[in-house]
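Trainee: Please dock the two separately framed chains into a single complex, following the hints provided.
So the sequences go chain by chain: A and B. The working numbering applies: residue 1 is where the first sequence begins, and numbers increase by one. The working numbering applies: residue 1 is where the second sequence begins, and numbers increase by one.
Be careful, since some hints might not be right.
[As the list claims (entries may be wrong)] Using 20 Å as the maximum straight-line C-alpha spacing, the simulated PhoX-like pairs for lysine-lysine come out as follows:
#1 88(B) with 236(B)
#2 9(A) with 236(B)
#3 146(A) with 166(A)
#4 487(B) with 133(A)
#5 156(A) with 146(A)
#6 88(B) with 169(B)
[Stated by the list, open to error] Here are some, though not all, of the chain B residues that point toward chain A, as calculated from beta-carbon distances under 7 Å:
#7 199
#8 255
#9 259
#10 405
#11 408
Just so you know, the hints here were simulated from the structure itself, not pulled from any lab data. Here the structure is a predicted model, which is why all the values come from computation and not from measurement. Glycine included, each C-beta is placed from N, C-alpha and C at the ideal position.
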Amino acid sequence: MKGQITEFKLVSGALVILAIATATLVAMPYLILRDVKPPAALKPYTAQQLRGRAVYVKNGCIYCHSQQPRDPSQAPDDTRGWGRPSVAADYAYDSPHLLGTMRTGPDLFNIAVRQPSADWHLGHLYQPRAYTKGSIMPAFPFLFTKHNGPPAPGEKAINLPPEYAKPGVSVIATAQAQDLVAYLLSLDHSYPVLTADDQVHE
Amino acid sequence: MTTSVYLLMASFVLSLAGLFVFIASMTRGLFGSAEAGSRVIFAPDEENTTEDPAASATDQARLQAQVRVVAPASTVEVSRAELASRVKADRSSAGPTLLCLSLAVAWLVLGSLAGLTASLKMHWPDWLTGPEWLTFGRIRPAHLNMVIYGWSSLAGVGIALWLIPRLLKTELVGGWYAYVGALVWSLGVFIGVLSILAGYSTGLEWLEFPLFPACFLVVGGALMGVPLILTLRNRKVQHLYVSVWYLGAALIWFPLLYAVANAPGIHFGVEQATMNWWFGHNVLGLWFTPLGLAAAYYFIPKVLGTPIYSYNLSLLGFWSLAFFYSQVGGHHLIGGPVPTWLVTLSIVQSVMMIIPVFAVAVNQHMTVLGHFRALQFSPTLRFIVLGAMMYTLASVQGSIEALRSVNTITHFTHFTIAHAHLGLYGFFAMVMFGSIYFVMPRVIGHEWPYAPMISLHFWLVLGGFAIYFVALSIGGWLQGLAMLDAKQPFMASVAVTIPYLEARSIGGGMMVLGHLVFACHFFLMIFLRKATQEGPTRFGFPQLGPIGATSGST
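Chain B on its own, in the form it takes in the complex (with noise of 0.2 Å):
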């Protein structure tokens, strides 16, 4: 035991040392080019003027009265060429991106019912007995793989779809490996439900898929990443955006995780238990969260037609979250039987999350310091700082819970699945759902049908969540103080949970009405594209400035 306390504590040492060795090897001379980099978003146009496609004529009007008091000069001529070439882009990444993001909004709906049912379940026991498939016990997987593998992943993958040719300034190269790519996902998502509900789990959380449709995963995860790989060997730009290291990393990481965890023979015992939660938290760490930044990192500067903060403070953060975050997975066993060199690694590990999450919201929340007035009038903006803003506050939660003490009386309770939550909804879901706000009038070509639909999206999930979250963690935090209490008997920890369980599916079921506002008017907003077609565009193409005219005003 000795020899391998010493070879992880080198090995610590070692990767640490690594690591400041590999940022200061690539700040340098970069802090010279770092306000550059960070322009990298802007065409010369651009930089100053707000755009939020998802906004009202009159409200755009506003956002950019808030942001900047004087409306942007348009001295740069930009060339009809130059705009054609940016129509071009965009229309490259149009078609993958619908599909990805159509299968999205449609697992999110199914994904959630089935969240909501789960919910029910947990305070009518009795209900919905009758079939085998809706029992609790493969409803509640069945929810978990649908929002994360369905709605979360594809959301995430189309609009880093639609990212990379407006990143890289070219058009998107490789189309089709994503349109085959979110098919065979796709297909690999609704096998692996049914295999659930069916009854051939694997029995490992997040990991329920058998191995057939988890192929299918593997495969279709390398196939979406594909076109990032092609489209960045014919780029326009010298530099990389932070988005684009967020989503490299991401695109690669996913599919050699997933093929890792789910290597038949392989894992055993408290072996895969420990590998269980290597994956569970690195699918987070690795995965969800660079998606997820990668579009708040793009979309946060570029409604407000500012540059973010600091461009070298965005590195830091890319680098200490990938080697930081990929080692927390332990502290889902604390004083469990695993060994104890392996549990402090990933505690002290959690607690040094405070570096990229310190890095992440200084820059994002210094951004938009200053300009809170225009979350008013940009959607896109709404749901992307409240995202962003909720993403602190679940890392520094996280962080905090992985202590010893704290986790002695928030394991095996609901405050865990409030907490998990609160990142992978409070703060992925509202920024994919800002994200497609702001990509949905650029890939079709014409303004979303009701604007209310809009806002009444955002007050049902917000006030859904709010719901949900401050009543499950103060229900599992009495759960976990309960159950701690010798003197109590075990059922005292179910009893207090009660209320807040019901509070609870109050909460969920705002949210799944709110999802369904946000399905509807995605879909009504697609199949009312001839309808509207023949109408004067706010937008669309005519923002990025017609193409037959001269000026490249909007």
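So here's chain A without its partners, still in its complex pose (with noise of 0.2 Å):
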């Protein structure tokens, strides 16, 4: 019967309509994007921050944190310390993106700014509600051992609030811990970059 839907033109429509969803949400960007050019306050991850950038990864925080502020004329981000609005050259050294969807917990895209202390973020992983009360950020022990006594030599020991020490017990940053958090403290974007906006009007 004329007029019908065929077997060709179903899957040569199917083929267009995919090809033209590609190009304009992977192809173009890819293009437009392709030439950014890394910010000059930006640093390259050293290896140990990337050996923590994939425990980042591992271990999913990006369920629940993002990183990526917004406008302060959508949300008051700014307000909250999360920082500038990001651009696209503030993730010019990133793979995987970890933008995230879910703000359970904070943005963490400046959080080195806003927690420069190791010995926090070290306590904090190990039991968040030791240090912010109604926290629901899940306890991360597997990044940590214990043993009797004080610490050995080269053990980077950790320093819990007195309520949740425990006398005469040593709990011991593993390696996983400490590059993790040599990669949160390495999330601080807070230099000035030029807004699309700054560009079109230059």
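Mentor: Structural data, given as structure tokens:
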């Protein structure tokens, strides 16, 4: 019958439509963003920070923490200390991207500015509720080891608030925990950048 | 930047024009035969005959009385050869369908247990923190991947494989591809989930599987599509019913989507984020939605014995769904560091989604209109009609959620999670439950052993899901409002959600119970096969007409 949907029309239609979607959402961003240069103030990750980033990825921090502060005109992210709105260049060294879609916990794009203490981060990873009342962040005891007596030389012991510390027991941060904290402390994007709007006005 | 805006506008106008030319070219000559097209799913003696293999004998009679007061005229003589060919067509898909559905149900149980664990961990943050693989950030993606790739995809393909011979009125050709495909696919899901739990996730939402298991999904997905192509070449019908378009397109789309998304070494930084949501939303729009709609477009008219309301509308619905849905992904990045035009394009297309949703809603609901009491007697219909309603709700909600003003509140909150479950569970899983209830007696050759378990399943998942959805939507909305209020500390946005997260766990627990009931019933049905085969069967082959007898009546 004439005018019926044939297999040929179905397949070609399906492919054309997918191609259009891929062009707009994948290919065009690829072409536009390919030439974005990293800001001079943004340093590439060190080897330890990259290892820490992998710990962040494998334990799924992304499911509760975003890394994309919004514009003050949209949301008070800046007021909360989460930093200026991020731009594409801020992510020049990021693979995989960790923009996130959820804020069960706060945005972490500038956590190093807000919370620069490595000791705080280590203790907080071991028991979040020791530092933030009402936190629902999971504790990560598997990033730590425990033993009786004082820490051996070279071991990184954490200092818990008294009500959470067991006397005589040392809680030692594993290499993974230290790497993760090194990564968190690299999350400082407080340097100034030109936004897309500024570039247009120039 | 301006060049890209012009380019984009030009391509937008061009593609819109193309879409309408496309639809026009296909409606030519179709207006006359539309009625005939919608009747393709009925054999000459089948129209006006209601059918639900999952209903008890009494309910089947009531169902028939409800839809058609006069008993169907059994004037159409059906030859023995015709009946035998129908039985053969049904038998040809039984094996692959049974394999896909069994794997799917197993994944459903595992996946929902993981989901419940993740849900409990949200308000019991010190529960099960010891083992690394049980940490929230691993068990949550394990849940997601098991329910979407394990349960939903395999259920969708299982039903698709069963529908293909029905829709093309011939035997399934190349069933072996489906067997191998389903096993390869399931192995991929298995390796992928283990990888996530062991800490080898890629870190991209919806794409957590590492490259190795991801390849299994591309290959397995492509293999499962082969029988459709082979059977199409062998088909006995002129007209391709609307469900075939949905199935055909979906089976082409998925392997391409998944392959592009997993292509190593291409994606970077923010581009990777746009790709991530291009995929994340297309896997819903171009994979699950068409699989679910294909089933709904078949089973609703089939159970009622009535053709769908407007066949032409379904044509518009199909192409506009494909076009608009494929470009909505950017709405996950509203307010993010991505080009503004991209986000705006996605918002526009999200709102345009009202067109295909309207087409489907009118079609499916107008078909059911006036037959609502039939839901009482048909388990299949109860699940599928409910699912179709949730599709409309989820889609309209999605269009509204994409608006910048609403998104500012709901983005980054549990509201989005509730919405995702309305689509994938309220719509897709419900439609699949209904379809499985219809299909399994045909596949196995005897009825569901314990009818009350079907009701128990229905009420548990419906009640559980209602609690889940309402609680999480309210909690998410309040969370969003608290987060936007600079005067409140961030922790206020956490505290406000706690009672709702607890309610979600209760709802989720009921859903898991429902799944356990369903899975027990499903596997009992398979293992009790021998025991019940000796007794009289209410249907199965008999309902098609006993092969030895001359009459086609039940």
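Trainee: Work down the list of hints and note, for each, if the structure agrees.
Mentor: Now the hints, each set against the structure:
1. 88(B) with 236(B): holds, 14 Å
2. 9(A) with 236(B): holds, 19 Å
3. 146(A) with 166(A): At roughly 10 Å apart (the allowed maximum being 20 Å), residue 166(A) and residue 146(A) satisfy the hint.
4. 487(B) with 133(A): holds, 18 Å
5. 156(A) with 146(A): Holds - the C-alpha atoms of residue 146(A) and residue 156(A) are around 11 Å apart, at most 20 Å.
6. 88(B) with 169(B): holds, 10 Å
7. 199: holds, 4 Å
8. 255: With Cβ-Cβ at 11 Å, over 7 Å, it is violated.
9. 259: This interface hint is violated because 11 Å lies over the 7 Å limit.
10. 405: violated, 10 Å
11. 408: holds, 6 Å
Hint compliance for this structure: hints 8, 9, 10 are not met, and every other hint is.
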